[in-house]
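S.K.: Next come the chains, spelled out residue by residue.
2 protein chains.
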Amino acid sequence: MEYIQQQFDVNFSFRVFFSRDLFDPANTCLSAFLESKAEAAFQKKLLVVLDGGVAASHPGLAEKISYYLMQVRGFRLAPEMITLTGGESVKNDLSQLFSLVDAIDQHGIDRHSYVIGIGGGSLLDLVGFAAAISHRGVKHIRIPTTVLSQNDSGVGVKNGINYKGKKNFLGSFAPPAAVFNDSTFLATLDGRDWRSGMVEAVKVALIRDAPFFEWMEKKAEALTGGDMPAMEELIYRCAALHMAHIGGGGDPFESGSARPLDFGHWSAHKLEQLTDFSLRHGEAVSIGIALDSVYSCLLGWIDEAAMLRIVNVLKAMQLPIWHPLLQKQDDEPSPVIAGLEEFREHLGGQLTVSLLRAIGRGAEIHHIDLDMLYKAADICQKLQS
Amino acid sequence: MEYIQQQFDVNFSFRVFFSRDLFDPANTCLSAFLESKAEAAFQKKLLVVLDGGVAASHPGLAEKISYYLMQVRGFRLAPEMITLTGGESVKNDLSQLFSLVDAIDQHGIDRHSYVIGIGGGSLLDLVGFAAAISHRGVKHIRIPTTVLSQNDSGVGVKNGINYKGKKNFLGSFAPPAAVFNDSTFLATLDGRDWRSGMVEAVKVALIRDAPFFEWMEKKAEALTGGDMPAMEELIYRCAALHMAHIGGGGDPFESGSARPLDFGHWSAHKLEQLTDFSLRHGEAVSIGIALDSVYSCLLGWIDEAAMLRIVNVLKAMQLPIWHPLLQKQDDEPSPVIAGLEEFREHLGGQLTVSLLRAIGRGAEIHHIDLDMLYKAADICQKLQS
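Going down the list, the sequences are from chains A and B.
Okay, so the first sequence: first residue is 1 according to the UniProt record's numbering, each after it adds one.
Okay, so the second sequence: first residue is 1 according to the UniProt record's numbering, each after it adds one.
Among these hints, one or two may not hold up.
Identical copies carry no separate label here, and so any pair may be met within one copy or between two of them.
EDC-like, lysine to aspartate or glutamate: derived pairs with alpha carbons at most 16 Å apart [to be verified]: (1) Lys64 x Glu39; (2) Lys45 x Asp93; (3) Lys45 x Asp9; (4) Lys164 x Asp190; (5) Lys375 x Glu341; (6) Lys166 x Asp105; (7) Lys218 x Asp369; (8) Lys44 x Glu341; (9) Lys37 x Glu88.
Simulated from the structure, these hints should not be mistaken for laboratory data.
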C-alpha cells in the first residue's frame, strides 16, 4: 500500500534560573533574558498574570513588577495586569481559562510575545494551558512562588486544568520559554505550604538519588524550621533531578512508555480530590509516599529499617502519613483505593505503579494486591500516631 | 547568574496512506496499521467522529465503518459513533469542542487509544484539537474526505477552532498518529468542493514546484471535469510537497522564523470570514493567489506572461479570482485589506507576506504598498470578466 512517511524532530530548550528578589531594578536576570529575545524590527509584548495571594503577601509587588518590566527594551507591557486567586480552585473553572484567552486576544499577545505567570503551581498550570492553546501556542514564562512549584511542576513541561472533577483532564505538553525561581517569594509562605513543598524532593530522592535523601534526613529539622539556604539547595537539587528525568528520559511528552516521576502519586491525586483540596498536594503525596513505601516493604522490596527512615523524614517535616479515607468505609472499599482505575485511565494502558527497590531506586509494578494495600494503610495509621 | 539548562528533542513520525474504499472488509490498510499498534497486555479503544455530510452522501457508511472496526484485533470500538455536521461552522461553537471532550471522557479514551476523525478539514481540525487537549493528548487518526483536506490540512500538524470570530485562534500543533486518504470519498463531493480543493496544489506548485504547475496547466480541464486518476495524482503530489515543507523546514511547529505555506492566504482568511464562509476556503485562496500574483507582477518580480498563466489555470478550474470586498467601500478601506494587521498578529512579529519571484519560486516581503494592492485588485477584477 502506498504511503508517504513524515518524520521530524522538534528541539525544545529552556533555562531554569535561580535568583533572589527578581524584580529589584538592580537584578538583571529577567530583563537580560527578555532583552536577548528582542528584535529590532518590531516590539514584543508582555502580559503578566499574578497570583492574588502572592500579591497580598508582598505589598507593592504589582507596582514593582510593572516598573521593572516597563524598563525592558524591545518590549511593551500590556496596560492591564491580571490578578487571579491561585490555588487548586483556579483550575476548576473553565471561565478562568477563557478570561486569560480573552486577555491574550485583547492585548494582542502574538506568538513572539510572552505571557508571564507569577504564582503557585496551579496558577502556572492554568496560565501555561491558556498560552499553549492561544494562536496555537504563545510563549510563556513561569515565575513559581512556592516550594512545590519551584522544585517540581514549575520546571516541567506540562500544564493543565481540571474538568468535571478530573484532575488535569484538559492540558498539554508545552515547555516554557524560561523559568525564574526566586527564593524571596518563599519567605512569606505559610508553614503548611513551606513544609509540604519539600515532599517532591523526598519523592525524587527516594527513586533516584540516595545521597540527596540522606542529606534531607540530616537537614530535615533545619528545613522544617525555615532554613532558607537549605531550602534553596533542596529546590535546586530537586529541580535538577526533575529536569534530568524529563530531558534525559527520551520521551519528555510521555507519548510512549515513559512515565512521570509519580511515586506516591496515584493515591495522592485521589486524596486531594476527595478532601476537596483541603489536603495540600504535598501533604497528599506524603501520605502516598508512606503508603507505597510500606507496601514496598510488605512486598519485601525494601527492609523495615529503610521504610522507617522514610516515614521518619516525612514526620520530621511535620507531614501526614495516613488519612482515614484509606480505610474501608462501612464495608465499602476505600474511595482512595477505588481510584486506582482512574489513575490507570489517565495514564492509559496497563496499570503501572512506582514502588521502591531501595532508597534511591524506584521500580514499577503492574498489579496491586488490595488486601496487602489495606494492610499497608493500617501500618501507616499506626506509624502516624 | 545560576541556571539549569533544559534541552531535548521530541521525534514525531506518521504515515499518510493512499487507498480506495478504506472500509471494504478486504482492505487491510487501516486494520493492519491499528493491529501493528495493539498490545497484548491491554485493549485499546477507538472512538469515531464522522462528518454528517459524508454519512449522508454514503448511505450505510456508519454501519460499514462499525463493522470494519469491530473486526480489528486488540481494539474495542466505543459503542457510540459521534456524528457532527462538518464545514467551517463546526469550528465556531465551543460546545462542539466540549461535546467531543466529554465523549473522550465517557468512553474512557486514554492516551493509548485513538480518536478517528472522518470528514473535511474543519471537522478534522476540531477533532484534532479535542484529542490534543484531552489527557494532555490522546492519539488521533485523520481520514480526510475532501480534496482540500487530503492534499493540505489533513496531512499537516495543526488543528484549531475559531474563537470570537477569529479563525483558528484556539488550537495546537499535534501531529496525527496516521492519515488515510481514500479517494472513494471524493466521488460524491459537490462541484465547488471538488474544484476549490485543487487550489492548495496550485499554491504549493507556484512557490515550490514549477513542473507540477505545468502538469496542472495541461490537466486543468480534465481535473475540472472530474478525472479521478488525475485528481489522485494531484493530491499525492500536493500532499508530498506539503509534508516535505513541514518535515524538512527545520521548524515544523513554527516556533521561530519558519512560515507556513501561506501564499495567497492573508486575504483569503479575511474573505472567508467577511462572507460568513459562503466562499469556500479554496475559492477565497484562489482570489488571494490571483491578487498576490498580480501584486508580484506589479512589483516586477514576475512577468505578465507568468501572471496570466496563473490566472488562466485558476479560471480553467472555474475558480473566482476577484471579489467586490477587495474594493474600497464608499471611500472606506477594503475590509479585506484592513485585515493585513490581523494576519500579522496571528503569526506574530513583523508583517511577512509570501509573493512570487517566478512560477515555482516563492519569496517573502515585509511591506505591502496599499495603493499598489488596490491596483492589483482592480486588475483582478478586469481579468475576472
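S.K.: Give a verdict on every hint.
M.R.: Here is how each hint holds up against the structure:
1. Lys64 x Glu39: Cα proximity of Lys64 and Glu39: none, with 25 Å in one copy and 55 Å across.
2. Lys45 x Asp93: Neither. Shortest intra-copy (27 Å) and inter-copy (29 Å) distances fail the 16 Å Cα cut-off.
3. Lys45 x Asp9: Classified as neither; 29 Å inside a copy, 28 Å across copies.
4. Lys164 x Asp190: This pair counts as neither: shortest intra-copy Cα distance 29 Å, inter-copy 41 Å.
5. Lys375 x Glu341: So Lys375 and Glu341 fail the 16 Å test inside a copy (19 Å) and across (65 Å) alike.
6. Lys166 x Asp105: between (28 Å within a copy, 9 Å between copies)
7. Lys218 x Asp369: Neither way: Lys218 and Asp369 sit 34 Å apart in one copy and 70 Å across, limit 16 Å.
8. Lys44 x Glu341: between (46 Å within a copy, 15 Å between copies)
9. Lys37 x Glu88: neither (32 Å within a copy, 36 Å between copies)
In summary, the numbered hints that this structure violates are 1, 2, 3, 4, 5, 7, 9.
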